[in-house]
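Peer 1: Sequence:
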Amino acid sequence: MQTKVIKSNKEKIREMTMLAIFIAIIAVLGLVPSFGLGSSSLGFIRIAPNIEATIIHIPVLIGGTLLGRKMSIYLGLAFGVVSLIAAFIYNSPMFVYPWVSVLPRILFGLVIYDVMRLFQHIFKNKYLAFGLGFFVLTLIHTFMVLPLLWTSFTTVFGYASLGQAFLPYLAFLVFYLVPVAALIEAFLAGLIGSVVALRLKGYLENRTEDPAEI
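Take the sequence shown: its position 180, counting from 1, is numbered 180 in the working numbering, and each next residue is one higher.
Since the hints were made in silico from the structure, they are not lab data. Just to be clear, a hint being listed does not mean it is correct.
To be verified - Cross-link-like lysine-lysine pairs, in silico, DSS-like; alpha carbons within 25 Å at most:
no.: 1; residue 1: K201; residue 2: K10
no.: 2; residue 1: K126; residue 2: K201
no.: 3; residue 1: K70; residue 2: K126
no.: 4; residue 1: K70; residue 2: K12
no.: 5; residue 1: K124; residue 2: K201
no.: 6; residue 1: K12; residue 2: K201
no.: 7; residue 1: K70; residue 2: K10
no.: 8; residue 1: K70; residue 2: K201
Make the full structure from the sequences, and use the hints.
Peer 2: What follows is the structure, encoded as structure tokens:
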């Protein structure tokens with residue numbers, strides 16, 4: 001009986017430690033400058049002029065998949081708070097509103113665990129399940145944020161300029177941002193994130209006598 005209590009405490013400590021590590025990674029990627037690499041912070045990769053693909057969501061995907069639904073929500077919240085702080089540091093007026101920077105990231109964290117369970121049920125090959133799951137979840141994250149970006153656009157620039165700005169902004173979303181940056185982010189998550197997640201999953205399972213299935 002005493003052994004079970006100690007084991008439970010060890011599991012909780014390990015879980016909280018992993019959560020802290022993932023939050024630290026999110027903070028570093030989102031807040032530390034890129035130091036001349038052409039992007040705002042380390043979590044963004046400059047693909048072309050005016051196109052940056054983010055990798056900040058990848059630690060959220062990995063941690064949310066491995067640590068469970070509750071920790072996934074915490075990671076989504078951390079992602080959102082870091083995005084909100086970064087919006088002020090790097091002068092991104094579209095993301096200074098919590099309903100744009102924080103809310104969709106919490107919802108993103110909420111769905112990660114269940115979506116990954118679904119993909120692991122459908123695809124028996126773990127690499128295929130993780131790769132496709134991370135790819136689809138990245139697209140889900142993008143389409144969670146984009147509609148709320150429109151609300152911040154009207155707040156920042158005002159409804160008076162909405163008519164003049166509507167067509168070029170819509171063209172930017174449809175032909176520039178969505179098909180380029182979002183797909184690059186999805187491929188990065190599917191290729192890099194899935195491999196890291198599976199290696200970390202194997203390591204964690206080898207460290208415990210009774211690994212929990214995700």
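Peer 1: All hints are to be evaluated individually against the structure, with a verdict given for each.
Peer 2: Quick rundown of the hints versus the structure:
Between K201 and K10 the alpha-carbon distance is near 17 Å, which keeps this suggested pair within the 25 Å criterion. With a CA separation close to 11 Å, the supplied pair K126 and K201 stays within the 25 Å bound. This hinted pair checks out: K70 and K126 have alpha carbons roughly 23 Å apart, not beyond 25 Å. Distance hint between K70 and K12 is fulfilled; the C-alpha atoms sit about 13 Å from each other, no more than 25 Å.
Among the hinted pairs, K124 with K201 is consistent with the structure: their alpha-carbon atoms are about 16 Å apart, no more than 25 Å. A threshold of 25 Å between alpha carbons decides the hint, and for K12 with K201 the separation of about 17 Å falls inside it, so the pair holds. With a C-alpha separation of about 18 Å, the suggested pairing of K70 with K10 holds against the 25 Å cut-off. Simply put, K70 and K201 have alpha-carbon atoms about 17 Å apart, close enough for the 25 Å limit, and the pair holds.
Checked against the numbered hints listed earlier, the structure breaks none of them; every hint is satisfied.
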